[in-house]
Amino acid sequence: MKKLHVGAVAAATGVAVVLTGCASGSGGDASTDGKPTIVVDMWAGSEDDTTALEKQVAIAQEENPEVVVKLQTAPWNDFFTKLTTNMASGNMACVTGMSGAQLGGFTDGFRELTTDDLEAAGLDFADFNPGAEGILSFEGGLYGVPFDVATMLVYYNQDMLTASGAASPEIGWTFDDFEDIATAATTDGKYGFGMGMGGYQWMSMPIAYSGKQPASEDGTLHIDDADFVDAASWYSGLVTDLGVAAPVASASDTGWGENQYTGGNAAMAVDGTWNAVSYLNNESGFAAGMAPLPTGDHGNSGPILGSGYGISKTCDHPEEALKVMGSLLGKDAQDYIASSGRSYPARTESQPLYFDSIDEQYREQVKTVFESAFETTVPLYMTKNWEKLDSYIQPNLVSVYNGQMEMSDLLESAQTQFGN
Amino acid sequence: MTITTKRRGSLARSEARQALGFASPALVGLALFTIVPVGLSIVMSVYDWPTFGDRTFNGVDNYATLFTSSPDFWPALRNSAVYTLLYVPLSIALSLVLAIGLGPRIRGRGALRVLFFIPVVVPMVANVLVWKMMLQPQGLFNGLAQSWFGVTLPNFLADPSWAMIMVVAMSVWQGLGYNMLIFSAALEQLPESVLEAASIDGARGFRLIWSVMIPMISPSIFFATIMTMITALQVFAQPQLLTGGGPGNATKPLVMFIWEQGFTFGDLGLAAAAAWILFAIIIVITGVQFAAQRKWVHYEH
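Chains as they are written, first to last, in UniProt numbering: chain A, 1 to 420; chain B, 1 to 301.
In case anyone wonders, no lab produced these hints; they're calculated from the structure.
Any given hint might turn out to be false.
[Stated by the list, open to error] Computed list of lysine to aspartate or glutamate pairs in EDC-like fashion (alpha-carbon distance at most 20 Å, straight line):
| no. | chain 1 | residue 1 | chain 2 | residue 2 |
| --- | --- | --- | --- | --- |
| 1 | A | K313 | A | E119 |
| 2 | A | K384 | B | E15 |
| 3 | A | K212 | A | D390 |
| 4 | A | K313 | B | D201 |
| 5 | A | K212 | A | E54 |
| 6 | A | K367 | A | D335 |
| 7 | A | K388 | B | E196 |
| 8 | A | K331 | A | E139 |
| 9 | A | K70 | A | D332 |
| 10 | A | K82 | B | D54 |
| 11 | A | K384 | B | D48 |
| 12 | A | K384 | A | E62 |
| 13 | A | K55 | A | D335 |
| 14 | A | K190 | A | D218 |
| 15 | A | K212 | A | D297 |
So here's chain A without its partners, still in its complex pose (with noise of 0.2 Å):
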């Protein structure tokens, strides 16, 4: 019995060895028919998703002959863990997308782009939006080119506004313009504004007042620095001084300015372009509208963020990858994603025509918000630690929004923990 006892755990071993090793893929992109295959891994949540980018991959493959151009996908909330673990087994693919939101955990993966690189891709920033170049950027080195661009907006509930007589924001509003409304529109149980709880939610609005990050370019974090400090305490304030927005209940609620405007409990609300025409269209019925954020006193300066595409560090064949990627954010490419209306494209001779895929009726809105917010905005610059202080001021923001604490504790506290 006890040889069965050793032979029944030599079989499951081994098959759990060869099972194991079934799962672990070769590493690297294959050749075919000679030709060196060079996968494309994108995040796509639906089936027009996927035959958009079906559509841009054919033009790589068309201006790419030489090699053998193919797509891999997975929705959005499985693309960061299945390339979590494509790079720690060395299968990332040669071209894969990243968000500017995510870099900061991935940079690892991606090779640092140099000029030379660009000029192989047949790529220039002076051809994309300005800023376009801080997207994928990470601590000064590049990692990527943005095939999309976006930045904060403030959207407003026009039917709340109009009906608590307040005015409606406008493209060179000022902070003081913003308190004057969102006070006036806090009436009836109703509130002005929803206090943001994501980063670039509740962080865009002190940014633009102060004219200052939280970070250096350098991912130097000085998240204390008297200006951001006092423009966050504004923020906060709005909440716990002037009393036109309302706590948010619970840290879980990570969405709740957005969620509160959306449902019709706040006038207005700071989101980012891409969800402008969701919120022109949304459910609730009610006539939205859009403003860049407020001005302050060192003019308007919104973040600007996007998704592009990498070559990954572990590419067997980096000069082909590279010329891949240079197709699918070339012209060609880029004039089919603004035409079908998917998102803003990051290449400024394109971005015209995403604004003829907009409905007509809010088309000039969109194109002239749109316009004047791309105009100044500047890149986010982010620490290598960054989720773990975005998940650490995240929960204690609802603390300081009930005033149960103050900012300036807070940001001195996560500059103490997370400061380099």
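Position chain B against the provided structure of chain A, taking the given hints into account.
For chain B alone, kept in the frame of chain A given last:
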């Protein structure tokens, strides 16, 4: 005689081989999804093991880091302890009261039991949504308090002193039906003759419950206590969904800390070490409970 023994021996071997054949898929599953991960997590806990990049052996450094320099570990340990100390006695006591209350004299007790069991089978996300709608400042409780009594209630889930109480309250409500069912089943099994004898001896009401019924169902109470304690120490979904571990880290239990270290911060070594500390705590407390059971659990009727 010798021939018969040999035949039996060969039969046993052949049956054992067949049994092994049938069991092998389960063994492979056990090896792949239990033994290998458990073994790997022990190894991980003594390594600096980032999600990607080089892994380096660091002995007991992860354990030392947790106890000496990790700002969230002690609060998480405290939160798990507070949650367990509040949740287990409350859940056991209330389930017992409910099970006894829904005794044979209650009409429609089957339907009532189903009602109390519904929160157990309803997905946690739905339960949490309902509780959030009741507890938030614009929610049901505050609305009623303001309109009926003119009193403004605290922002329960955002107040550090209330948040944990609300997580416990919601968890007790959610898990009440499970233990109630165990106790109800045990109460149904009580021999009529013993209850009758106790009643003839003059035991009534609380005396009957305390001196006769509870000692007789003590094995069920012991089982429920052990299982409830283990699930309480492993709590994750309730605070994650209801309070996000906040405000600050006021409701972040040990499992949420482990999850955050492993999957948000990518420090698998530290997460594995914290998981083994949790394992050790559960084993020790369960061991103590088993040792203590001799004094209060009665297995013979």
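Results for each hint:
| no. | hint | verdict |
| --- | --- | --- |
| 1 | K313(A) / E119(A) | holds, 18 Å |
| 2 | K384(A) / E15(B) | violated, 60 Å |
| 3 | K212(A) / D390(A) | holds, 18 Å |
| 4 | K313(A) / D201(B) | violated, 83 Å |
| 5 | K212(A) / E54(A) | violated, 41 Å |
| 6 | K367(A) / D335(A) | holds, 16 Å |
| 7 | K388(A) / E196(B) | violated, 64 Å |
| 8 | K331(A) / E139(A) | violated, 29 Å |
| 9 | K70(A) / D332(A) | holds, 18 Å |
| 10 | K82(A) / D54(B) | holds, 19 Å |
| 11 | K384(A) / D48(B) | holds, 18 Å |
| 12 | K384(A) / E62(A) | violated, 38 Å |
| 13 | K55(A) / D335(A) | holds, 12 Å |
| 14 | K190(A) / D218(A) | violated, 42 Å |
| 15 | K212(A) / D297(A) | holds, 11 Å |
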